[in-house]
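Each chain, written out:
There are 2 protein chains.
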Amino acid sequence: MSSARNFAVALRRARVPKPRFIGRPIVSQIPAVAATRAFTNTSTLRATKEVKYTSDAYPNLKRNPGFAGITAEDVKFFKELLGSPSAVIDGVTADAADDIEPFNGDWMRKYRGHTKLVLKPQSKEEVSEILKYCNGRKLAVVPQGGNTGLVGGSVPVFDEIVINMSRMNKIRSFDDASGVLVVDAGVILEVADQYLAERNHLFPLDLGAKGSCHVGGNVATNAGGLRLLRYGSLHGTVLGVEAVLPDGTIMDGLSTLRKNNTGYDLKQLFIGSEGTLGIITGISIICPPRPKAVNVAYFGLESYDQVRQAFKEAKGHLSEILSAFELMDGRSQKLVRQSTGNKYPLEGEHPFYCLVETSGSNAEHDMEKLEGFLEHIMSEGIVADGVLAQDETQFQGIWGWREGITEALSHLGGTYKYDVSIPLPELYQLVDDCRERLTKLGFVGDDDSFPVRAVVGYGHMGDSNLHLNIAVRQYNKDVEKAIEPWVYEWIQKRNGSISAEHGLGVAKKEFIGYSQNDTNLTLMKQLKALYDPNGIMNPYKYI
Amino acid sequence: MSSARNFAVALRRARVPKPRFIGRPIVSQIPAVAATRAFTNTSTLRATKEVKYTSDAYPNLKRNPGFAGITAEDVKFFKELLGSPSAVIDGVTADAADDIEPFNGDWMRKYRGHTKLVLKPQSKEEVSEILKYCNGRKLAVVPQGGNTGLVGGSVPVFDEIVINMSRMNKIRSFDDASGVLVVDAGVILEVADQYLAERNHLFPLDLGAKGSCHVGGNVATNAGGLRLLRYGSLHGTVLGVEAVLPDGTIMDGLSTLRKNNTGYDLKQLFIGSEGTLGIITGISIICPPRPKAVNVAYFGLESYDQVRQAFKEAKGHLSEILSAFELMDGRSQKLVRQSTGNKYPLEGEHPFYCLVETSGSNAEHDMEKLEGFLEHIMSEGIVADGVLAQDETQFQGIWGWREGITEALSHLGGTYKYDVSIPLPELYQLVDDCRERLTKLGFVGDDDSFPVRAVVGYGHMGDSNLHLNIAVRQYNKDVEKAIEPWVYEWIQKRNGSISAEHGLGVAKKEFIGYSQNDTNLTLMKQLKALYDPNGIMNPYKYI
Numbered sequence: 001m002s003s004a005r006n007f008a009v010a011l012r013r014a015r016v017p018k019p020r021f022i023g024r025p026i027v028s029q030i031p032a033v034a035a036t037r038a039f040t041n042t043s044t045l046r047a048t049k050e051v052k053y054t055s056d057a058y059p060n061l062k063r064n065p066g067f068a069g070i071t072a073e074d075v076k077f078f079k080e081l082l083g084s085p086s087a088v089i090d091g092v093t094a095d096a097a098d099d100i101e102p103f104n105g106d107w108m109r110k111y112r113g114h115t116k117l118v119l120k121p122q123s124k125e126e127v128s129e130i131l132k133y134c135n136g137r138k139l140a141v142v143p144q145g146g147n148t149g150l151v152g153g154s155v156p157v158f159d160e161i162v163i164n165m166s167r168m169n170k171i172r173s174f175d176d177a178s179g180v181l182v183v184d185a186g187v188i189l190e191v192a193d194q195y196l197a198e199r200n201h202l203f204p205l206d207l208g209a210k211g212s213c214h215v216g217g218n219v220a221t222n223a224g225g226l227r228l229l230r231y232g233s234l235h236g237t238v239l240g241v242e243a244v245l246p247d248g249t250i251m252d253g254l255s256t257l258r259k260n261n262t263g264y265d266l267k268q269l270f271i272g273s274e275g276t277l278g279i280i281t282g283i284s285i286i287c288p289p290r291p292k293a294v295n296v297a298y299f300g301l302e303s304y305d306q307v308r309q310a311f312k313e314a315k316g317h318l319s320e321i322l323s324a325f326e327l328m329d330g331r332s333q334k335l336v337r338q339s340t341g342n343k344y345p346l347e348g349e350h351p352f353y354c355l356v357e358t359s360g361s362n363a364e365h366d367m368e369k370l371e372g373f374l375e376h377i378m379s380e381g382i383v384a385d386g387v388l389a390q391d392e393t394q395f396q397g398i399w400g401w402r403e404g405i406t407e408a409l410s411h412l413g414g415t416y417k418y419d420v421s422i423p424l425p426e427l428y429q430l431v432d433d434c435r436e437r438l439t440k441l442g443f444v445g446d447d448d449s450f451p452v453r454a455v456v457g458y459g460h461m462g463d464s465n466l467h468l469n470i471a472v473r474q475y476n477k478d479v480e481k482a483i484e485p486w487v488y489e490w491i492q493k494r495n496g497s498i499s500a501e502h503g504l505g506v507a508k509k510e511f512i513g514y515s516q517n518d519t520n521l522t523l524m525k526q527l528k529a530l531y532d533p534n535g536i537m538n539p540y541k542y543i
Numbered sequence: 001m002s003s004a005r006n007f008a009v010a011l012r013r014a015r016v017p018k019p020r021f022i023g024r025p026i027v028s029q030i031p032a033v034a035a036t037r038a039f040t041n042t043s044t045l046r047a048t049k050e051v052k053y054t055s056d057a058y059p060n061l062k063r064n065p066g067f068a069g070i071t072a073e074d075v076k077f078f079k080e081l082l083g084s085p086s087a088v089i090d091g092v093t094a095d096a097a098d099d100i101e102p103f104n105g106d107w108m109r110k111y112r113g114h115t116k117l118v119l120k121p122q123s124k125e126e127v128s129e130i131l132k133y134c135n136g137r138k139l140a141v142v143p144q145g146g147n148t149g150l151v152g153g154s155v156p157v158f159d160e161i162v163i164n165m166s167r168m169n170k171i172r173s174f175d176d177a178s179g180v181l182v183v184d185a186g187v188i189l190e191v192a193d194q195y196l197a198e199r200n201h202l203f204p205l206d207l208g209a210k211g212s213c214h215v216g217g218n219v220a221t222n223a224g225g226l227r228l229l230r231y232g233s234l235h236g237t238v239l240g241v242e243a244v245l246p247d248g249t250i251m252d253g254l255s256t257l258r259k260n261n262t263g264y265d266l267k268q269l270f271i272g273s274e275g276t277l278g279i280i281t282g283i284s285i286i287c288p289p290r291p292k293a294v295n296v297a298y299f300g301l302e303s304y305d306q307v308r309q310a311f312k313e314a315k316g317h318l319s320e321i322l323s324a325f326e327l328m329d330g331r332s333q334k335l336v337r338q339s340t341g342n343k344y345p346l347e348g349e350h351p352f353y354c355l356v357e358t359s360g361s362n363a364e365h366d367m368e369k370l371e372g373f374l375e376h377i378m379s380e381g382i383v384a385d386g387v388l389a390q391d392e393t394q395f396q397g398i399w400g401w402r403e404g405i406t407e408a409l410s411h412l413g414g415t416y417k418y419d420v421s422i423p424l425p426e427l428y429q430l431v432d433d434c435r436e437r438l439t440k441l442g443f444v445g446d447d448d449s450f451p452v453r454a455v456v457g458y459g460h461m462g463d464s465n466l467h468l469n470i471a472v473r474q475y476n477k478d479v480e481k482a483i484e485p486w487v488y489e490w491i492q493k494r495n496g497s498i499s500a501e502h503g504l505g506v507a508k509k510e511f512i513g514y515s516q517n518d519t520n521l522t523l524m525k526q527l528k529a530l531y532d533p534n535g536i537m538n539p540y541k542y543i
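So the sequence lines, in the order shown, correspond to chains A and B.
Position 485 (the first sequence) corresponds to 485 in the working numbering; numbering is contiguous.
Position 273 (the second sequence) corresponds to 273 in the working numbering; numbering is contiguous.
Treat the hints with care, since some could be wrong.
The list cannot tell twin chains apart, which means a pair is met if one copy fits it or any two copies do.
Below are the DSSO-like pairs computed for lysine-lysine, each with C-alpha atoms no more than 27 Å apart in a straight line [to be verified]:
1) K493 to K292
2) K477 to K509
3) K315 to K292
4) K138 to K525
5) K79 to K477
6) K132 to K76
7) K528 to K132
Bear in mind the hints are in silico, worked out from the structure with no lab data behind them.
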């Protein structure tokens, strides 16, 4: 990072002609952040063997006695239905523990189920036959995409059958004129985006797990990610959803039209429903043209107030080209440094850092706007120091300081993760209050006798979305009890959301009342009962 | 328009310094297009007396005998509930025909109901009490906003009670930092936008009827409008909906958070449900910063192929600042000229015209991009001639050629309006095919013996959304039969939508099958039955 232009220095040299930033195709600029989460099932396998069963970690969860147990007869049916041996992992009539384990556990090593059967359908018709059968037999199921979630939503709790979507992985069509992409649910996000990159378009969603997560899972969990600020939520960009209901009904809603006001917008129900209403088998989505130039700047600030000022100025100066405004606190950056061994992008340390990305169609215009913004915040004393990426390596390097946090934390033992929405003025206060609380209780310290290693905050400032992460040496019930429900009460008082983008899963199910009132919960339960009267879809989770 | 810079001429003078376009605040630039649709109830009153009753025009619609008739007792209850005399227009126990008529008819003079009771609640609690009572008594109701719709969705068919939302018209809150606006459903769109303009923000929806339509009605009908291309659909921008269900339940979903993944996104069901599930009483919506500079260009083209080329180039050159790309055919512009007496913006006549608007944060950058685009399409021979607005009067003048079409058509007798989505390659073909069909049948001609005066096409090219308008000397069943269901079959063959943004209402109810399959229709009917088991909400319409 030493060759990155330090714009504080550049500003002091006032009249020296500014280096021009030459726009490069974004294709090569998107950092390979996937690596930070692109784990293989093998690595998960090694991990899950030591992981506690969810049924033990959550003793209040009891297997629903209304569900049938899987029989050899059932397995026979599925094997005949799906044909290919690779489509059924059978731990019921055979010993397949090692093959099954990766599907029972999550990458955080927090959740672990008891399934003995994994099915990998290859078409919506197969999904339909599976669900119709399961619904008739009252066999519970868990739809599973890339299994990159953070709330235990995509792994079984008991013996639910895993319906893994990885074999439904075809790109069905792309229309260059309208930007509409139609894909199978099991297409990996990064694969979809690379396909679009070759056609000069961009998938309007980007997140750390892009190398593993499925677009179907993204839609099922209403993923937010890094560029929601610019491209909006999936409720706006997804044009159509093809889904199979528990009774086997195929809902063919794969519209490729941007506008279609003919009746209730059924697809919206499935966006964010976490596999509790049906299984998404395909989506259509409108994709913007790929920006011709992308820039990224990184700067240090002395206070959260200054972070807020910088964000306000970024919105004013960068407006339509602002594509990300990310906040990272000093502690989170320290963890990345320790984990990667990389040198800080800036000299000295600061309590706060921001990453600002622009994406636009004219490199010179964008750079002029960005320089105007940076000069303004420097001259106003809003930021202390900053760098602007000058080439692709620096671009990736800077993004690594934001994207590397999850990875850095994962090396430390365990992490209690809270993904919350809070109105901007108090966004970071939660981190300070949480740290103070845990410190007072004697949980936080540098040596191994303290359960808590660090309380860090970072996230999507542009969306009022904070990730509060409590890094622990190992998962610890006392620490957990000190955080919950305190953290949810704190959020409720500020009319925030206890789950901004990660969803509910197992982790947040019992806390939904902090963000939804009784009326809304009743209405949600009505919908669940309407679509899934037997309750076989992803039970023990969500609402 | 004579002083508008003709860029064809400017390009011929190659090296002459180009006039600089100075960005002005958009506040004063938004044309007063509302005037084209800002009719008063008085004018509607005069009109409705001659309008055929919907129950006569649609003899297959029969009053549901399950609904109760309104009694004097009911009127007494509502008067006591609502208190203010202005809150109840009572044609049941008194003669109030003249006062009631404006609420029975629509502005197009196409639909007319038989209601004898209009209620104007002022709070969600009043709406709740009204609906609870009506649901208990099985009294049918029609929610009514600004009554600017085009499909007869907001006027009664028989004696449904009109619940007019005009007295729920308060702006509840606005947060400058996040851009989140919370308003009553009965706030007029233009009022909301003016309020935001004073605070440097923009309502992310704009349409011709802005001077009369309510934001609640916009959300209930999922209005699209002029800038969907830039700001996306209401499914993405609306953050929360407060609605009252038929049983009086108040669904308080007025979230002000951009991200909230805690359960099914209930509000989405109400967006575009046209008052059939409940009554929207308030909305929260995320509003972008108001662009600092807005430009508009208007040009003539020789073929629809060139229109498509121009659109493709506009997306490439203007990208993030493109805020509207509108198509108007030559016939539609001729009608505007005849109606307004204004001189054409361009010399000569062309079969197609486009209007391109940019909105951005830097006037110089925007003008450079726009000039680059215009020079490119001129030098490539894609467009024949064009003008670029140089001041506010010209800006308004140019928009008048697009916005004035509806008004111009309304002077001609009647208009059969079709608002459809069709994939771009064949978008305009529908107009040609329809004109050819009606001409062959001997319906089209210049003198008064022909029922059809003109078949015109215009619309939101950027959203693949065409408005096919057939101007008739008077509404004529033979013409109608020649158009329908032919037009719907034509659209179905191309996987289009028979209603892109206008909704279903009475007009499109029976044709929904052309755009939705049986499975989807069954699912929609399930939802309707779940929320409104007595079917009292806006009956005889929608699905």
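Looking back at the numbered hints, which does the structure fail to meet, lowest number first?
Result: hints 1, 5 break, sorted rising.
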